[in-house]
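Place chain B on chain C using the hints.
Number of protein chains: 2
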Amino acid sequence: MAEKFISERNLKFLLYELNDTESLLRYPRYADHSREVFDMILDTAMRMGKDLFKPLFEEMDRKAPEYVKGEVKVHPRVRDIMRQAGEGGWIASTFPYDLGGQQLPFTIGVFLPTAIFGAANYSAAVYHGLTHGAAGLIVSYGSQEMKDTYLPKMIAGEWQGTMALTEPQAGSSLTDLTTTATPTEEGYYKIRGQKLFISAGDHDGADNIIHLALVRIKDAPPGIKGISLFIIPKKRIKEDGSLESNDVNCAGIYHKLGYRGAPITQLAFGENDDCRGWLVGEANKGLAYMFQMMNGARIDVGLAAACISSAAYYASLEYARERPQGRKLTSKDPLSPQVPIIEHADVRRMLLFQKSIVEGSLALLVQCGLYEDLEHVTEGEERENYNLLLELLTPVAKSYPAEMGILSCSQGLQILGGYGFCEEFPLEQLYRDVRIHPIHEGTTGIQGMDLLGRKMMMKKGKAAQLYLAEVRKAIREAQDDMQLKPFADQLQSAVAQLEKVTAHLFGIAAKEGPEMFLADATLYLEFFGIIAIAWQWLRQAVCAGKALQKNPGESDVNFYNGKMVACRYFYGYELPKIEGLAIRLLSGDGLTVTMKNEYFED
Amino acid sequence: MAEKFISERNLKFLLYELNDTESLLRYPRYADHSREVFDMILDTAMRMGKDLFKPLFEEMDRKAPEYVKGEVKVHPRVRDIMRQAGEGGWIASTFPYDLGGQQLPFTIGVFLPTAIFGAANYSAAVYHGLTHGAAGLIVSYGSQEMKDTYLPKMIAGEWQGTMALTEPQAGSSLTDLTTTATPTEEGYYKIRGQKLFISAGDHDGADNIIHLALVRIKDAPPGIKGISLFIIPKKRIKEDGSLESNDVNCAGIYHKLGYRGAPITQLAFGENDDCRGWLVGEANKGLAYMFQMMNGARIDVGLAAACISSAAYYASLEYARERPQGRKLTSKDPLSPQVPIIEHADVRRMLLFQKSIVEGSLALLVQCGLYEDLEHVTEGEERENYNLLLELLTPVAKSYPAEMGILSCSQGLQILGGYGFCEEFPLEQLYRDVRIHPIHEGTTGIQGMDLLGRKMMMKKGKAAQLYLAEVRKAIREAQDDMQLKPFADQLQSAVAQLEKVTAHLFGIAAKEGPEMFLADATLYLEFFGIIAIAWQWLRQAVCAGKALQKNPGESDVNFYNGKMVACRYFYGYELPKIEGLAIRLLSGDGLTVTMKNEYFED
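Residue numbers (the working numbering), protein chains in the order written: chain C, 1 to 602; chain B, 1 to 602.
Rather than coming from a laboratory, the hints here were simulated on the basis of the structure. Glycine is no exception: its CB is placed at the ideal position from the N, C-alpha and C atoms. There may be inaccurate statements among the hints.
Calculated lysine to any residue pairs in the SDA-like style (CA-CA distance at most 25 Å, straight line) [what the hints assert, rightly or not]:
| no. | chain 1 | residue 1 | chain 2 | residue 2 |
| --- | --- | --- | --- | --- |
| 1 | C | K147 | C | P233 |
| 2 | C | K4 | B | T149 |
| 3 | C | K577 | B | Q497 |
To be clear about the criterion: a stretch of chain C counts as covered by chain B if any three or more of its residues have a C-beta under 8 Å from a C-beta of chain B, and this derived list gives those stretches [unchecked claim]:
| no. | stretch |
| --- | --- |
| 4 | 49–60 |
| 5 | 138–151 |
| 6 | 476–485 |
| 7 | 546–560 |
| 8 | 576–588 |
In isolation and in its complexed conformation, chain C is listed as follows (with noise of 0.2 Å):
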């Protein structure tokens, strides 16, 4: 079993090298940190990685959580981590000092820990990471009363938060959501209908479930317009701090591909007629509500993908040094001893894939991180333009990276051969684990309609002009690198490619309407994905060049080398591939919106 899931080296590359993390402690906000915090946290999570989560990897996939008698009993490891979680700060990290919380930035106090847990076990870490983000949801619209009750049970570990938006009839359609509040004379609503794929909707593991539910108050308006933020636990509090039921029943768990570690759950609520929740906020605003923690969440599983995909490369850089087999082509001599199969050309292309997707998802991802911490101590414009770039990204990193992380494990698996599909070795399940995240928090296919539809044209274009203009700096360092300027050509002339074709497709969504202007918008994504990652390739080789100047140890050359020849990968092999994207975003013909479904019949 490989032993290496995720580089400490790159993070710190990423974090410090490459983008300038510690300017954030200038504002107040985050002024008592310092970079010895920053580096200490990284070594605790790198840590419980290696100690807590990568040792349970393999058997909490093949000890799959089970249903017994209406209970979800989970690995019994899962309570263990949760509290170390708490204990650990992990849960609030990011929270205010006043709410229990370390007030760390996002990119500190999120992003490495679910980098770092989520390439050691990603199934072990969501436990913990979806209660930040229910528990965050109460620190940002809570009232007091909800901030006493629940969040110092959910910021030790102890109880389990969760995101309860999906109903049997409202999958991708919010809108439909049908889950009813009707209200009391006490002050709670009573809840009733039912709630699927709620991940760690009920387990053994936590003491208490707490819901962050989208609901629909009794007679409020129809659509979007009529979903409320409630809290809903599985018990309810009694004055004396003991717990009761509130008729939250879990009636099953899915039996999954991957990510089989933590419990998918259907509930029903108030089949009793006794389910209680509390609004959270002003009613008819949860949807605004809850995208802080779906904002957060596709982050997250960005991050994610990139990291089981980096969880992938590792396996598979260790099998490709270690494993004998075939000779160089050169060599002809049939008794010469065989070489490692990392001396093939054919498996470092596939090595070098996975690296450019792998380092390039998780610079994109620390961009993104950065824009988040930004955007919470700045002001007015200045906030404005972060709140942009980062809602502008969101979609490009949750849907690269896991669309891309498909495809890099699958190359990983593939140079393990038929190693690679046996479960003795990781990358069968890596590969099982990934394929979920083109689907949660929005499919792909949503991603690209929120690009193209919503965020490209957003504030008059704003945010794409404010996004182009990061890059074009970016390719105006590179052009005065003799080096690189063949790469900052490239990504110049694709950058004008962006542009036309964006061009090209408002004057469809002007001249025929929305449906022919976003059939290929998830083509549309993975275009734009492909050139903000070369972007984040580019800035990554002009850090790298000036480092590889002021002639680092060796172990820092060969590092910084690497990320050269991942930047010149990427640009001889990916990079290329927007331009048969461009071809058919340029041409489209409707077919897909004007064919018949009757063509489909055979």
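Quick look at chain B alone, frame taken from chain C:
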């Protein structure tokens, strides 16, 4: 659970409309048969697929083979399936009458059942399929005694046949095989060695296992020139017909991602120095003999991948028709009823992707099947030409369906959203099952080197010239049809790209040697494969266009229009992918050859 797994209508289209399979009947070898016989075989295979194979699809996955005290226990119905395959004549379908066969063309006797049974339940179809391949080697190269001894029981489905190549130190590198045969004065050889990853290498559904194994005779020349083909039975046949142990022991089975219904075994030969093997044909010619079975197996792999993708396509099509979710983008009323997701352009795009991969791959595979049949009944240069076409297209027909099958099943899974990730629907299993195909019978990397390094060069490029002539013929036909002319022109330009890229790479071969030449052979294979499928889609569109002019009935109108839109899809969305690949292949800088392995370190 979706009922449909393959389209009988489409199979008939491929056999009788797109291609003139009936023309085989004019050759003496097939003269006893008729269109009615072919149709009966198709009907019977469809019925068996539906009634025998499909009902066990999930069960054979969930109750995977177990290794218990040195024995492999498979699903109890395997024995029945093997016997029914034997009784139905499926194992000996293509063998000559005098050996108990039905002398059917490959296209009818192997393609149809492999496709249909494979789409219904790939694991279950492997047992007798392998037996057909192994028995075929005995038919072609075995002595009369071998034929008498082994064929009747294998053809009856009582004994399992295998191909045993891989060893612990020799996966893709057959030159490094070390299993050894030592001659004895009794005529047999003593065998000693280990084989890995042997499909159906041991199980209790057959009374004996007949291994067709590659073995090195003691003191044979090193490398592939010293490899011989042996029959090594699990149990030796005594004079009285009873069986005794032949010291072939199963050391274990692999636990796999998918394809779980068939056991993949580790075998030890001669641990007690009592394993006997019999040389097939001449010494040291084993690899050439084995390539008969291997080439057939490669086509079978492509076929299996296309057919697993077919099952995925119909399962997601059924779901897309039935699942209401969301509304047309032009409908803003949240109280209007939801529409089935097939109404969404992005879902139709995913379905067209699946359809174009499945039916494009099947068309190429039928083409290969016909070349194989024609090779067997023609003479002289005509025969050589069919052989060259088949040789050239085999790596493509193996790899395109296998690699694209992963993406196709993944898109199918995506259409189902969260349900696609769950075991309650067949997509997740199909997604697991299909993943084996780019690995076994020669990885995609091996196929790429085979295509570019061997097949494109053999006979001074004659195979490539023959192939391009076939493609040009299709282009000319399509250019006569105004509707199809744009596609014909697009394919003509793709062929020009193919020639340019090929010439460029041959130039590199001459100037820079094999490593630089073959560094991106896998990309060349992908590039070549897309164009080959485009060729088959143009042929299908020409054929469908002509049929539409004859005022067919409503169901046929939909069928042929389905072909037209899938062709449009392929030319709009898939064929443009060659642009990015061409850029890479024309500008290869040898990155993967020249980079240092240390750069992966960090």
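Here is what the structure says about each hint:
no.	hint	verdict
1	C/K147 / C/P233	holds (14 Å)
2	C/K4 / B/T149	violated (54 Å)
3	C/K577 / B/Q497	holds (16 Å)
4	49–60	violated (count 0)
5	138–151	violated (count 0)
6	476–485	violated (count 0)
7	546–560	holds (count 3)
8	576–588	holds (count 10)
Hints 2, 4, 5 and 6, counting from the list given before, are not met by this structure.
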